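A.B. asks: Spelled out from the first residue to the last, the chains are:
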Amino acid sequence: MSDQLIILVIVWPLLTGVVTSLLPANKRLMTLWGSLNLVALNGLAAALLLRVVSQGTLIYTVSGWNRDPADALSLGIELKANIFCGFLSCLIAAVALVGFLGGVCTWDRQVGHRLPHFLALFFLLVAAFQGLCLSNDAFNLYVMLEISSLATYGLIAFGGGRAYLATFHYIVMGTIGASFYLIGVGYLYIKTGTLNITDLADSIASQQLSKAFVLALAFLVTGLLLKMAVFPLHFWLPNAYTYAPDATSVLVAPLSTKLAVFLMFRILDDLFIGVIPKSLVSWSWAVVFLASFGILAGTSLSLAQRDLKKIFSCLIVAEAGYMLGGLWLSDSRGTIGALFHLVNDAVATLALFLVVIAVQQSVGGRNLHDVKGLFQRSPLTVLALILVSFNLIGVPPSAGFFSKATLLTGAVASGHYQFVVALLLASLGNLVIFFRIIEVAYFNPIVAEEGESALSLDGQRAGALAAAVAASLYLIGLSSYNIMETFIKPVVSL
Amino acid sequence: MRGLAILCAIVVGGILLWGSTDFPAWGRLDSPASVNLSDQYIEHAFEETHVPNLVSAILADYRNYDTMFETTVVFTACTAIFLILRLPLGPLARHRNTTHVQAARQRLPRDPILEMACRVLFPPTHLFGLYVLTHGHYSPGGGFQAGVILGASFILLAIGFDLRAILARFPEGLFVPMTALGVLLYIGTGVLCLVLGGNFLDYEALRVLAPGISKEMIRSHGILIVESGVTLTVGSVIFAIYANLVSRGNQMEGL
Amino acid sequence: MNDPSSLFMILLVLIPLAVLPLLYLARGNENLRENFSLFGSFFNLFVVISLYGASQRGALPELNLGYLLPNVPLSFQIDSLGFILLLTAAFLWPLATLYSAGYLRGHHEKNQTRFFSMFCVAIAATNGVAISSNLLTLYVFYEILSLSTYPLVTHHQDAEARSAGRRYLAFIMGGSVGLVLPALITVYVKAGNLTFGSVGLVLQQGGWSAALITLAFLYGFSKAAVMPMHAWLPGAMVAPTPVSSLLHAVAVVKVGVFSVIRSLCDVLGPAFLTEHHTRYLVTTLCTLTVVVSAALMVSQDNLKRCLAFSTIGQLSYILLAVSFFNKTGITGGCAHIFMHAFGKITLFFCAGAIACHAHKKYISQFDGLGRSMPWTFGAFTLGCLAIIGLPPTGGFLSKWLIVTAALKAGMPLIAGFLLVSSLLKAWAFFPIIFRAYFAPTPKGEHLPEGDCGWLMRFPLLLTATGSVVLFFFPDPILRLAEAFAEQVLSRGGL
Amino acid sequence: MSFFESHFIYGFFVALLMIGLYGAIAKVNLVKKLIGLSIFQTAIILFYVSIGKKDGADIPILPYDHGHSGHMLAPMAEQYINPVPHVLMLTAIVVGVATVGVALAVIQRIYAEYGTVEEDLILEKIANS
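Going down the list, the sequences are from chains A, B, C and D. With the working numbering as the guide, the letters of the first sequence map in order to residues 1 to 494. With the working numbering as the guide, the letters of the second sequence map in order to residues 1 to 255. With the working numbering as the guide, the letters of the third sequence map in order to residues 1 to 494. With the working numbering as the guide, the letters of the fourth sequence map in order to residues 1 to 129.
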């Protein structure tokens with residue numbers, strides 16, 4: 001039965017999503033229903049992780065079509081959970097649960113009567129993320145990519161106002177990205193005749209690396225670069241995430257781009273295993289250069305903003321550069337660092353967007369000057385902000401420090417010094433970005449106004465949640481060595 | 001922007017063309033795509049599933065996991081459109097829109113010929129949709145196609161009469177749950193297989209319920225079940241999307 | 001597994017942190033709160049002294065708390081240099097606590113609980129730096145110290161504090177993230193570990209990269225305030241005086257110097273610095289700092305700024321002495337950490353007492369003040385002697401060693417510069433003393449009646465006495481410093 | 001058979017793809033952008049379907065005689081074209097339709113919000129507000 005866990009992790013939120021659309025728009029019922037299901041999902045994901053840890057990589061054939069006896073190709077669609085997939089699956093489940101709970105307090109303000117549809121998409125998105133994480137079929141990944149995109153479009157667009165145009169740009173870029181990915185899969189298919197990633201990898205390894213493969217790689221990577229929002233292809237992201245409803249961005253922002261990173265890791269490490277470092281060194285230089293540029297650009301974009309949510313959204317663009325660069329350093333430490341940064345960044349982004357919710361709920365705005373006096377009004381929120389900012393600056397012993405240190409180690413070892421410089425400059429940029437916010441919160445005490453209403457309980461709760469998530473970054477940081485050794489190193493084959 | 005677009009298009013196109021010179025010749029029998037997996041499907045799919053339409057067999061059996069998510073894609077899109085467009089209906093809005101529609105009626109008189117033609121066309125279209133669904137095993141067709149035809153039949157009515165008229169007979173409370181029910185039918189089948197001891201969507205596990213049927217035939221029936229789910233979802237989603245798009249989400253006035 | 005006795009070491013970090021919740025609980029009751037603080041500081045002193053006793057009986061075992069990076073554990077061990085810093089902090093913490101209580105109450109400062117809490121965190125971090133056994137562990141605590149002192153520097157939360165805080169962060173964090181981190185990673189990649197004393201960094205091509213790494217450590221640990229990374233220090237004078245004493249005598253700058261010594265002696269090693277001739281770089285830059293800061297001192301009117309420039313000079317004395325890499329030099333430099341701490345904290349205590357009691361910050365206002373505050377100015381005089389390096393104070397001994405070392409190293413010119421700087425210091429300090437004792441009280445000026453309160457007077461007298469006692473009984477400190485010198489030099493190279 | 005003859009078919013999909021991509025990027029009218037996007041996706045569908053082609057092969061539906069026992073000869077692989085790309089493209093088409101549907105809904109909202117679907121005018125309005 002434990003073999004079925006892998007499909008349950010995907011089907012459970014899927015089923016929840018479909019059923020949710022039929023339920024009435026009752027806030028209390030929905031909170032209960034959603035959190036129960038997400039707790040169950042967390043349990044399943046944890047069980048899957050345990051299963052994978054104890055018994056090794058799990059391969060699951062949906063619909064029971066085992067490999068074809070004649071040429072040992074996979075007839076059906078396979079799911080695969082190696083140890084990092086299991087970990088990531090747990091991460092997705094946990095982020096979804098926390099994001100869900102953090103978003104509840106914004107429902108009255110931003111969701112209203114659309115609650116069933118909103119939550120249906122929320123769960124479908126979680127299912128698609130799980131699917132992206134666990135699928136072992138190149139085409140199925142495309143389908144998952146599109147479900148996650150479609151759900152995201154809906155979830156972002158209902159924010160209203162400027163969210164519509166932002167969503168439209170997202171749709172155009174997202175569709176082009178997914179289509180590029182599809183072209184890449186097509187190029188692989190025409191040369192190999194299979195779609196299963198394991199079979200594809202075997203087939204690629206057995207053939208000469210010809211033009212079509214290089215192109216396939218190029219299109220897969222370009223497609224994912226669009227999804228990851230790396231610098232010149234990023235412009236859809238800040239607006240989309242900023243104008244999205246808070247309950248949406250708290251789920252989408254931490255996970256969406258990270259899963260694109262994970263897919264890129266799979267393409268580099270599972271699909272083109274061993275091919276990249278040998279033949280495409282010049283490429284990797286170009287990509288790392290792009291990543292370095294993206295890091296700097298993302299950070300400076302973020303510096304120019306005054307809206308908290310936009311500041312954080314622009315940071316996602318920079319963070320994507322970290323991971324992209326790490327994956328392409330052609331050094332195993334870089335890849336390990338990138339994957340660890342993925343985990344760390346997902347948690348950090350979650351905390352940041354929870355902070356946005358807390359700020360919005362407790363002071364009613366999210367502009368830089370709205371933060372004024374937050375230190376007195378909601379110390380937990382500021383604590384969360386401070387903790388996350390240390391993480392993003394890279395202050396030990398936060399997780400961010402260790403991911404950065406590992407990335408830097410990889411970069412120094414492989415001689416990509418421009419990446420080192422970009423990382424360090426970005427850290428200093430983050431210092432400026434965050435201390436600008438913290439200064440406003442810390443140095444401008446509010447004048448006690450007449451009739452100042454009591455602090456909203458919702459804001460306090462969201463602040464506490466954010467602080468808890470931010471604190472977990474330090475736990476992750478302190479156990480970083482174990483996480484890297486146990487969950488990441490075994491799957492990096494470079 | 002235009003220059004950038006031309007540059008993009010030319011670069012992408014050029015690269016693609018350059019890469020396609022590496023492809024096997026078009027239509028070659030020994031190209032990798034034609035020999036590696038597809039011959040297995042062609043030669044064995046029928047004996048394994050009893051479905052002569054290989055596309056249906058692969059779609060709803062070998063790669064039915066993809067198809068499940070494909071149905072989910074449709075459902076997701078429908079939910080997203082609802083989330084974006086659907087407006088709440090207060091009693092006041094209902095009243096205002098009723099009068100508005102009456103006013104529109106006066107301006108655009110009903111056309112009996114058009115209405116009658118739609119009325120007459122409606123049942124055969126439905127029937128054809130069901131035929132495409134059930135005969136999808138043997139001829140071009142299947143759940144998606146059938147769903148689109150069914151959905152189109154409702155859209156035809158909505159165009160011939162107006163949206164309110166069709167919504168009175170086929171109300172939102174009916175077709176919106178149907179979008180979910182179709183997906184549920186599909187996923188439910190999968191979960192049932194799981195419960196009965198097989199892998200997810202492994203129809204063979206259903207033989208526990210119907211022991212007399214051969215394992216090929218049970219796959220064939222399983223395909224029919226999930227295709228019905230697809231039809232249900234696609235048909236209602238098509239109409240739901242139409243109803244929301246033409247009425248800007250208030251589902252009152254039609255085009 | 002770790003030796004159980006080594007777990008004792010971790011108390012040094014845990015005790016100050018354990019005081020935090022007590023402070024928070026007792027936030028309503030000032031006396032109780034200060035008692036907790038004092039209790040913590042005495043307990044800390046007790047632990048340090050007992051550890052010192054244990055170390056005299058045999059070397060302390062290493063404590064390993066799990067890995068941070070491959071080959072780099074979070075590990076602690078105390079050597080003789082570590083003891084010097086530990087003793088400095090342990091002796092001065094109780095005194096600084098007493099003094100702070102008097103000063104803060106006298107000034108009616110707000111947020112006293114926050115002040116004491118952050119003080120505790122800073123002490124914990126200082127102890128952590130002292131007992132780290134590899135560079136990464138040291139870096140972790142170094143960063144914690146930087147961040148925990150930020151709220152202290154900006155304690156007043158006004159515009160002046162804000163700009164000082166910005167400058168403080170920019171220099172400290174900019175140095176540590178922008179310079180130390182890459183240097184650390186480079187050393188790690190090239191040498192494979194970061195444990196003090198066993199790094200063995202070998203560079204294939206020396207020259208520029210060796211110079212860059214040396215400079216990165218020298219300037220990156222910008223708490224050591226080698227010019228031009230000193231600019232944060234005079235600015236940080238806006239903080240309350242107890243903070244200045246913490247910054248300049250106990251914790252921050254000493255940690256900076258300590259970290260530079262660690263990285264030069266125990267990470268890069270004398271062999272490396274000599275082979276690539278980069279130690280002359282250190283010598284030159286530090287000499288420059290010594291002379292320039294002494295010259296700047298003379299022109300200051302604000303007493304605290306004057307003291308700040310004197311600190312900058314003294315820190316460079318220490319580094320200068322170490323850079324000779326002979327036994328006398330290292331002994332003198334390390335001993336100077338302790339000697340200078342007592343002298344400088346006396347001066348700051350006095351400056352604070354004057355500001356608090358007589359409300360005078362500028363030297364030009366001191367006319368006749370010595371007659372009404374005899375105790376304070378008596379201590380002040382002793383402090384001045386210690387800083388200039390005259391008997392009967394401990395400062396004389398260490399400075400004597402440093403000058404001797406310069407002569408031994410064959411650099412009489414440097415010795416000359418050192419004497420010049422001492423003369424400049426005397427030129428800056430003696431007029432203050434003369435003015436206070438002998439200048440006539442200006443007309444209409446109201447001098448305070450009597451000396452400052454006992455809560456402030458007691459600590460400053462004690463530190464002044466300590467300074468004198470050190471002249472007569474310098475043995476424990478000199479022994480520790482000598483042990484460290486032998487340990488460094490025995491490692492080969494010279 | 002010359003190289004051109006055997007490969008020119010891929011040129012069609014590339015041409016269509018270029019047209020679509022150009023439209024999706026260059027057009028300022030959002031609906032036209034969407035049309036460009038659709039063309040772009042269609043080009044990919046065309047590409048996939050062209051992969052399935054085999055010379056002299058039939059559509060992948062086996063002849064099945066309902067009247068008789070239902071028994072039939074084992075099919076030969078070269079008789080039928082590759083069904084897999086068709087299956088994949090069914091999915092891709094559905095995805096495309098879904099995307100267009102959502103995009104149209106968004107455009108409708110944009111129109112309600114700004115009164116136009118020309119991107120430059122919308123941006124102008126945003127800048128002015």
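Everything labelled a hint here was simulated from the structure, so no lab data went into it. All of these numbers come straight from a predicted model, not from anything done at the bench. Take the hints with a grain of salt, since some may be wrong.
[As the list claims (entries may be wrong)] Subject to a maximum C-alpha distance of 30 Å in a straight line, what follows is the list of computed DSBU-like cross-link-like pairs (lysine-lysine):
no., chain 1, residue 1, chain 2, residue 2
1, A, K489, A, K80
2, C, K190, A, K489
3, B, K215, A, K211
4, C, K443, C, K327
[Said to hold, decoys possible] Beta-carbon label-pair distances, calculated as ranges:
no., chain 1, residue 1, chain 2, residue 2, range
5, B, V195, A, A304, 51 to 59 Å
6, C, G53, A, N482, 34 to 42 Å
7, A, D71, B, A165, 53 to 61 Å
Here a beta-carbon is modelled for each residue, glycine too, at the ideal position from N, C-alpha and C.
A.B. asks: Next step is simple, just say for each hint if it's right about the structure.
C.D. replies: Comparing the hints with the structure gives:
A threshold of 30 Å between alpha carbons decides the hint, and for A/K489 with A/K80 the separation of about 17 Å falls inside it, so the pair holds. The suggested pairing of C/K190 with A/K489 holds, with an alpha-carbon distance near 21 Å, which does not exceed 30 Å. The straight-line distance between the Cα atoms of B/K215 and A/K211 is roughly 44 Å, outside the 30 Å bound, and the hint therefore fails. Our distance criterion of 30 Å between C-alpha atoms is broken by C/K443 and C/K327, whose separation comes to about 55 Å.
One distance hint, 51 to 59 Å for the beta-carbon pair B/V195 and A/A304, holds here, with the actual separation near 55 Å. At roughly 36 Å, the beta carbons of C/G53 and A/N482 sit within the given window of 34 to 42 Å. Look at A/D71 against B/A165: about 58 Å separates their beta carbons, and that is inside 53 to 61 Å.
The structure fails to meet hints 3 and 4 from the earlier list, while all remaining hints are met.
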